[in-house]
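Enquirer: Given next are the chains, with one letter for each unit.
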Amino acid sequence: MKAKIIIKNQDNQEIFNGKPLQLPINKQAIIDKSIELYGDPDPCILHQSYAIQKLVEKVFEILPEPPLNELSLSAYYKKLDFINIDNLDQYFITIEVKKKK
Amino acid sequence: MKSIYLDHSATTPLDKDVYKKMECFISTHYANPSSLYEISTYTKKAINISRMKLAKVLNCNPKTLIFCSGGTEASNLAIKGYASKHRQKRKIITTQIEHHATLHTCEYMESFGYNVVYLNVNEYGFIDFKQLENELTDDTLMVSIIWANNEIGTIQDIKKIGHLCRSHGICFHVDAVQAFGQIEIDLEQLPIDMMTLSAHKFYGPRGAGCLYIKEGFEIDPLIHGGKHENYLRAGTENTAAIVGMAEASILAQDRLVEYQKKLSLLSSAFYEQLILKIPHARLNGPPVGKLRLPGHLSFSFPNLRGLDLALTLDKHHIYVSTGSACSADELVASHVLEAIKTPSSHIMGAIRITFGHENKVEEIPYVIEAIKTEIEELTEDY
Numbered sequence: 120m121k122a123k124i125i126i127k128n129q130d131n132q133e134i135f136n137g138k139p140l141q142l143p144i145n146k147q148a149i150i151d152k153s154i155e156l157y158g159d160p161d162p163c164i165l166h167q168s169y170a171i172q173k174l175v176e177k178v179f180e181i182l183p184e185p186p187l188n189e190l191s192l193s194a195y196y197k198k199l200d201f202i203n204i205d206n207l208d209q210y211f212i213t214i215e216v217k218k219k220k
Numbered sequence: 015m016k017s018i019y020l021d022h023s024a025t026t027p028l029d030k031d032v033y034k035k036m037e038c039f040i041s042t043h044y045a046n047p048s049s050l051y052e053i054s055t056y057t058k059k060a061i062n063i064s065r066m067k068l069a070k071v072l073n074c075n076p077k078t079l080i081f082c083s084g085g086t087e088a089s090n091l092a093i094k095g096y097a098s099k100h101r102q103k104r105k106i107i108t109t110q111i112e113h114h115a116t117l118h119t120c121e122y123m124e125s126f127g128y129n130v131v132y133l134n135v136n137e138y139g140f141i142d143f144k145q146l147e148n149e150l151t152d153d154t155l156m157v158s159i160i161w162a163n164n165e166i167g168t169i170q171d172i173k174k175i176g177h178l179c180r181s182h183g184i185c186f187h188v189d190a191v192q193a194f195g196q197i198e199i200d201l202e203q204l205p206i207d208m209m210t211l212s213a214h215k216f217y218g219p220r221g222a223g224c225l226y227i228k229e230g231f232e233i234d235p236l237i238h239g240g241k242h243e244n245y246l247r248a249g250t251e252n253t254a255a256i257v258g259m260a261e262a263s264i265l266a267q268d269r270l271v272e273y274q275k276k277l278s279l280l281s282s283a284f285y286e287q288l289i290l291k292i293p294h295a296r297l298n299g300p301p302v303g304k305l306r307l308p309g310h311l312s313f314s315f316p317n318l319r320g321l322d323l324a325l326t327l328d329k330h331h332i333y334v335s336t337g338s339a340c341s342a343d344e345l346v347a348s349h350v351l352e353a354i355k356t357p358s359s360h361i362m363g364a365i366r367i368t369f370g371h372e373n374k375v376e377e378i379p380y381v382i383e384a385i386k387t388e389i390e391e392l393t394e395d396y
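Which chain is which? The protein sequence lines are A and B, in order.
Oh and the first sequence: position 17 is 136 in our numbering, straight run, nothing missing.
Oh and the second sequence: position 97 is 111 in our numbering, straight run, nothing missing.
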């Protein structure tokens, strides 16, 4: 699925605009995922990348099925605490999905 | 969803028939092969018979085979063990595209004052024979070269290299980890002095390897202790793994021609279909054919990371290898792709696809479609 994620604040300012894999992820969440996946608290860059991939997949499991248009994150921010953006509960998410040609 | 495993150069699944032969040595036949009671005769005999079986496959004397934990240990034993036994010579010749088991061992030897020559390779990964010949000097201890490259599939002319080494009286070690099971090996006919094998690359168990040391060549052990493996590899033998390795080698030999055909068919079909759908894909290493491992493909795509492509294919349950490595917490280009001078636009965008027994031609369109879709996702602006 080709998707683009836009996160905006209440003033309609863009906090994030990019592809799912570009979402900023907490370092600790990556380590926790690495422990879950590999039993490794000190993952190499390759294993970190795999952990990030799995966390980004989780975003799509937590949120309603896209496309989403300026959905408030107030109901989801706790489950999305691995995203490294402060005040996520006050923000709105848009997920655009590009259909296959 | 069905998974499609395309990483047989990394490891192969353990053959069911091999496992059946190993099973009793994991459970009921547990006795230490060195002990002196009836049940230890079963395990000692199993190891000796396994050595004879593997020797028959390779066409060599069973006494020349030293079982160990795998390819990495075997190559370490070959290089460090031979250097330790012959301390008067201080030059080691290898290539820029060796597996890390050899490359890092050679770098370690440099820290002890050894002069290591890393032979250049051309765009396909083949060594320069003139450079090798010029480097074969009186102070050369040994030459260590990978037969079939694990990253780009290049098959070196081992016979020619071996004859060159032999004409200079220099020991020749071959890393045949990727080659065995895909290339015919007859040690009676080949000018090879030492050779590394690893069981899990040919449907045997992980944790089993072997070093062949031709009669008349002497090495020191890396691991000291008991008299196991003719004093060259101390430690109670892993009977099940050794039995598994020997059985897998027999199956590999029996199936060799059929396997080569199958792998060649898969590689050709995949290459042709991929180039048709993704014309900007670059094949790393030699063209598909006799100079390349039959089941081996490595492609680079511009302006993306092979790592990201491999990760996204994982979502489709398609398992491939990436051409990148990690170093000091950053992603770096493969030393092999650097050595063959892969363009900077492509060097980070490599994935390796290596086929095996269970792959089917019918799976290829699905895999290529997934690669195409994910490349578009990774490279196109939304």
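Just so you know, these hints were derived from the structure itself, not from any lab.
The C-beta atom is built at its ideal place from N, Cα and C for all residues, glycine as well.
Careful: at least some of the hints might be erroneous.
[Said to hold, decoys possible] If you want the ones that stay clear, here's a sample from chain A, every Cβ over 10 Å from chain B, calculated:
hint	residue
1	PRO143
2	CYS163
3	TYR169
4	GLU180
5	LEU192
6	ALA194
[As the list claims (entries may be wrong)] Derived contacts from chain A toward chain B, CB cut-off under 7 Å, selection only:
hint	residue
7	ASN145
8	ILE164
9	LEU165
Enquirer: Hint numbers the structure violates, sorted upward?
Expert: As far as the earlier hints go, 2, 3 and 7 are violated by this structure, in ascending order.
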